[in-house]
Amino acid sequence: MTTPLLETRNLTITFGGVIAANDVSLKIEAGRNLAIIGPNGAGKTTFLNICTGWIKPRKGQVLFQGEDVTALPPRKIVQRGVARAFQIPQLFTEHTALENLLIAAAARDGMRNPLIDLHDTPARDEMLHLLEMVNCADVAHRLVVELSEGQRKLIDIAVALALKPRLLLMDEPTSGVASSEKDGIMEILITALAEAKVTSVFVEHDMGIVQKYADEVAVWNAGNVQLRGAPAEILEHPDVIRDVIGEVA
Amino acid sequence: MLQLKSLDASIGIIPILRGVDISLQAAETVALIGRNGAGKTTVLRTIMGFTKVTRGEILFEGAPVTALHPPKRPALGIGYAPEDRRLFSAFTVEENILLPAQAAGLDKGETRRRLERAYHILPELKAMTDRPGGAVSGGQGKMVALARALMLGTKLIMLDEPFQGLAPALAQRYAEALRTLRDTDRSVTLIITESNPALLRGFADRTLVIERGEVAAGTLDAERTPA
Amino acid sequence: KPDSLKVGMTTFLTGPASVFGVPARDAMDILVANLNDAGGIDGVPVEVSYIDEGAGAEALSSEFRRMVETGGADVMFAAISSGNCQTLAPLAEDLKVPNFLWDCGTQKIFEEHDYKYVFRTQANATPEMLAAVIYLLKVKPDFKTLAVVNQDYAWGRDSWDIFSTALKAMKPDVEVVGEFFPKFGAPDFSTEISRLQALRPDVVLSTSWGGDLDTFVQQASQRGLMNTSTFVLPLAESSLERLGSALPAGQIVGARGDHYFLHPERRDDADFKAFMTEYEEKTGSVSVYSVFHASQALAALKAGYEKAIADNGGTWPDKDQFVAAMEGLTFQGLGLPVTIRADHQGIEAQLMGTSVQTGDYPFATLENIMVFDGAELTAPVGAVSTEWVGALDASFMDGLSISTFDK
Amino acid sequence: MNVTIFLLALFDGVSYAALVFIVALGLTLIFGVMRILNVAHGSLYAIGAYATVSLTGFALSMGAAPILAFPLMLISAVLVGLLIGGPIEVLLLRRIYNKPEVLQLLVTFAVFMILEDVQRLVWGTQPYFQSAVLQSLGNITVLGVTYTVYQLILLPLVAVALLLGLRFFLRHTLNGKLILATTEDREAAQSIGIDADRVFLLTFIVGAILAGLGGALASPTTSILPGMGADMIVLSFAVVATAGLGQIEGAALTALMIGLGRSFAIYFWPEIAVLVPYLIMVLVLLVRPEGLFGSPAARKI
Amino acid sequence: MSSVSTAPKTDAPKHPKSMLWIVGVVLLAAVPFAVPSLQLLVTFALAKGLAVVGVTVLLRAGQVSFGHALFFGIAAYACAFLMAAIPGADLALLLLVGTLGALLAGLCVGLFVVRYRGIFFGMLNLAFSMIFWSILEKFYHITGGADGIRLPRPTVLGMALERGPFELILYYLAIVLMVVLGWVTIRWFASPVGQIFQTIKTNETRLEYLGVSPRRALLSGYLLSALLCGVGGVLMGVAQGAVTPEYVWWVRSAEMVFIAVLGGAGSVRGAFLGALIYEIVRTYASAYAGDIWQMLLGAFLLIIILFAPGGLIGIFGSLAGRAVKEDAK
Ligand SMILES: Nc1ncnc2c1ncn2[C@@H]1O[C@H](COP(=O)(O)OP(=O)(O)OP(=O)(O)O)[C@@H](O)[C@H]1O
Ligand SMILES: Nc1ncnc2c1ncn2[C@@H]1O[C@H](COP(=O)(O)OP(=O)(O)OP(=O)(O)O)[C@@H](O)[C@H]1O
Ligand SMILES: [Mg+2]
Ligand SMILES: [Mg+2]
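Protein chains in written order, with our numbering: chain Y, 1 to 249; chain Z, 1 to 227; chain X, 1 to 407; chain G, 1 to 301; chain F, 1 to 329.
Isolated chain Y, as found in the complex (with noise of 0.2 Å):
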């Protein structure tokens, strides 16, 4: 068979006592979105940080189309086609909306003349597209400490979608998100991503949008993997109806 996009191999990491982390072996396919669900401190962002190198494991590799990426630093894995978008934003908070995706996009594309103007790269475009797509276009020209909450998540989406990545993965991209965009957003959001081709690993607290747009759900309990499937059983599941949907879903 032919090798998974990301794979980890018994991840393990405990802070102070606490087991953020115990011995997570996953393998994720490429093309399939799998969402990741689980009770608060459950190690979903923990298990992100692994992937992406921002922290070292105690135990165990990630490996990223078959390379042992466990060692790296998060821009190398970046630069293998990782993009991530966080649970709580990580903005140029000092420039523009739109600067921040030109600015994504320059290290994508790496940076050649050094005196050309950052606004007349010819990403410019598809970066004003990627703003309305996550309805952000009206604030494109605002400086991001100037923006709520929610728009910045936004941002914060769009900023990982510009490096054009293999693998995208997002942490908890919906909350914050007004209800009624919500919907509208992961729509255009996961249709996109389907046409570019990129995989996408997303937690998620939100079950509707899971059931919605996850091809698999993994759960996770007190930092592992406790059950993984196809939406459909796993949200009917009555553990997981215990530990995380609660009684009247």
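All the pointers check out, no bait thrown in.
List time: in silico DSS-like cross-link candidates among lysine-lysine, alpha-carbon distance up to 30 Å: (1) G:Lys300 x Y:Lys164; (2) Z:Lys126 x Y:Lys56; (3) Z:Lys52 x G:Lys99; (4) Y:Lys76 x G:Lys300; (5) G:Lys300 x Z:Lys52; (6) F:Lys138 x X:Lys171; (7) X:Lys168 x F:Lys138; (8) G:Lys300 x Y:Lys59; (9) X:Lys168 x X:Lys138; (10) X:Lys140 x X:Lys171; (11) Y:Lys182 x Y:Lys212; (12) F:Lys138 x X:Lys108; (13) G:Lys300 x Y:Lys182; (14) X:Lys183 x F:Lys138; (15) G:Lys99 x G:Lys300; (16) Y:Lys56 x G:Lys300; (17) Z:Lys72 x G:Lys99; (18) X:Lys168 x X:Lys144; (19) G:Lys300 x Y:Lys27; (20) Z:Lys126 x Z:Lys108; (21) X:Lys108 x X:Lys319; (22) X:Lys282 x X:Lys407; (23) Z:Lys155 x Z:Lys108; (24) F:Lys138 x X:Lys144; (25) Z:Lys126 x G:Lys300.
Don't read these hints as lab results, they were simulated from the structure. This structure is a prediction, so every number in the text was calculated from the model and none was measured.
Add chains Z, X, G and F with the ligands to chain Y, keeping to what the hints say.
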């Protein structure tokens, strides 16, 4: 008990809120909804005194607080849980929760009582009392911020997207807990901003919709809250 | 004949060296006022304006330039800092403005370059240090060990070079047991002093000045170092009053020339007396060597113009006539007469003494004073000081003409 | 290396370190809490010294006992803190907390320049020296070397006392906690009822008092003259950086390293003495990029 | 930093404001004939201005260096030693060697300091400048210690010149360098590389997650800043005719930051404007206000920061803006 009278507020030089009129009865629960960037957070921050009020005034229990020095406001009995958690990483979770009480100079007994109340509503926190505030997960952080708001919030509690990032099971449990809190302690008024009204269904007495810094639709009663 | 003679003087009004700069300015104000009351120079009043050397090199040179080019300064007095002298001397030469190096000590200037417009109206480091060495050898011939504590900058280094070269030449058996160069403006010398107490040298040399010297002497006397070692302090004359009772008797004190408010050969002179009293009334403290240096610059100006006028058949000279007159000129400020040599270096007598607490003053004064003839201690025209000094030997001391006074 | 020399160097190092620490302490506190590198600290230090000298001189001329200088030192320090530190915070710094840090740095730099000239206008250019109090404590002779009790014993004691005192204040008092909270997040602190303005004012005044105290305690040992503040400030900056942001224990340890490093240098390699603080800083930061006691600020993501 | 995003736009030629700048440069060019007494002062100011631009570059990344005088001094000393080695060396050669010297030093120091931020970055730079300073003091036999060494007048394209014409040439060289290097820096700020460099100020995590090494990004700007300081140092040394350790003394580094903020933190034009005004205020204050020039300077800075945080450039900008509007009417 709280009134915003035709309020204009700006952040820096940029005007955000325009002619906001809100008036809350004691002990009612109001949901503040609206799309991203509508101005929900700004309303709360304005009540806390972190924006520049350019017009109109704020009355708390009849007394104007528009010009009141921000740090004096929590002492009036206002608890505020900011959207972006804002925990003090140098302190443990419990210290984070206790700090408001200590700053307000509450006596030991009272502080205990309120701490108990917080833990009663958020039992999950008991497990992580002495973890550094900087070392909790996103959702855990929201819980701590919530608990911290409960410490001083004897009259008014303002929660900015309290359920954001919480696993649904937990979120429901909190909605429950808040309800019980409100039912047991009839004096508290709750303002909850939420971009996901479903959770508040049958819980908020009223829903205010904010659009581009203005209170758009008037009040709708709980039953007709849009899902 | 101009209606006034404009002089620009650079001096430290700010920074540590203002302990010299400010007294010099005060003195200059007094002297110029007196000179003008007495009819100025051949009827022409002198106007002095000041530039603060503490304001930094750029401000200094652009201001120096402005004064010469548009400020109409006829003669410049610059500077106190040797560094500034090295920057300004070539500038003055290019601007073709007569410039008196009125206080800086570095001997390099005239030994490394020839100047037409630049003169030094006082001695340089060589005679100043030689006088100290010889005085030491005369009053304390049989000391064995010596340690030095100098400020860590050009003056501290150069003066030590000359002193040690001379000492090795004239008394090769002396052992240098410690060399310390604490940073300029160091607030504390405790460690050096502990070290010295452990080393117990017979003699401790320090050419430091201002606050550094005060601190060093104070801490040394507090901790009794001065009971075990003799201090040689070639610049201590400028600190006598401030040190008060902290400077015990028996330490060797110099004055960068024959500068001493109780100058044995001058103190009975009426003008000298008059100035000293006037200065003390105006400033509340006794004069220090920079005051003498200021007076010499002004005296040189006066004498120079008078000579030039004479040479010019009684009419006011132009710049070049004045410059020509300066060479070989002899003039007298508050100290003994000074002569400008062919290489434009001033020949100035040197005065050394030993501290004593007489009770006449609330601070140490000098006894066993020696006044040296500057000509004998200055490297001959064309010679490089360090080489010349290195070539000396013990016999050099015997040939010297020295006038001594017990106080 | 023989033991006597070693011990002597040790003594010298410690007594020097004590003074360095006392001066750097206030700076560390202010920087740790307000994130402002207070250049004016140097002037406060100098003015503390000048004030002490003047007051003591006056008292002595009134025929007071030298020992009276100690209360006078404290008084001068407090005066400096209240009369100069207070206004600086209220009138200047308070207006620019929301501005970039470099602006805050520059404001204190401007204040420094102004105060430098004020000193000269008030106290003139001639150095002062007032060591009556130091002499009144007398000397002790160790291993044949005479030390002043003041430098060898008193200063280190004061330093230790200040260290423990401030430590306790920050760790175990409510005000201390409020200060720490405000340090991390001004708005969050206000939203839970902490009066950030008050906290900052308090901190700055305490820091200023410590600066003044440093000057006061230094005054009997050194010439008081224009520009004395400048050198002290650079040294203190080095201490603050080496210590790690606002780490007072770090400051203590750094001061000790600098003191010992300096004295051993003077004993065995005088030429590098002046470089010691910088070499120590470079070496420390090489192994601990966040300073001795500093810890990397983990960004939440 | 909105100035970042708007800076390039206001550069568009024929924009009335940038016309004003051209006028400014022309006025400067007229100085030697209009007010010759200012010529040397302006030369110094421009030399400093170039160094200040160097500091400004780093300010754009939120980093303050307390030791950039190091590169200023290294370049100047490189020239002085070159002149000693090759008497009558050419100005062009000095410029080249001095700048390369600074660049090289920038690389060595840079590789080390880019690992640090904030006070650590600032103080490490200070440390290196102080280390170099005391080397200059210690090896006084070679460096002349605190008195420094002379930097005799170099030839210009082979011609040995008198001071008068030489300084005139130097003056215009300074103006040309200001225009060229200023323009390059502004373009660089607006360029992708420059923009990435500036993101260091706000979020290195995101930068890392864009696949860019923050240290590499910082180094790029650090080298530019060292180069600018170097050019400034060469001009200053040659104009002064002597170099002293004062060139690398921390006070000078502080002065650079001072001017950068005075002119308008982060603004290239502000750096030069600031340097000019600073030099004038300082020189005349010390000439006429005797011994309180420091106080005046300090007060001046306070007023600027408190009432015009945009710096002189901000004031100028708004004035110009108004002027332009008036023209429009
Ligand atoms: N840097 C850290 N130091 C100490 N403990 C940590 C750290 N980061 C995470 N933890 C702990 O590890 C556990 C997992 O954290 P993580 O952020 O992965 O949870 P999560 O699944 O993302 O939760 P949420 O859904 O609330 O974001 C939590 O209990 C958290 O307190
Ligand atoms: N610091 C600021 N400066 C200028 N404008 C700001 C600032 N903060 C927020 N704004 C603007 O104010 C408006 C309201 O912001 P606010 O945070 O109140 O929105 P919100 O309703 O809370 O949105 P969300 O649901 O995303 O949190 C937004 O358009 C935002 O762009
Ligand atoms: Mg998470
Ligand atoms: Mg919000």
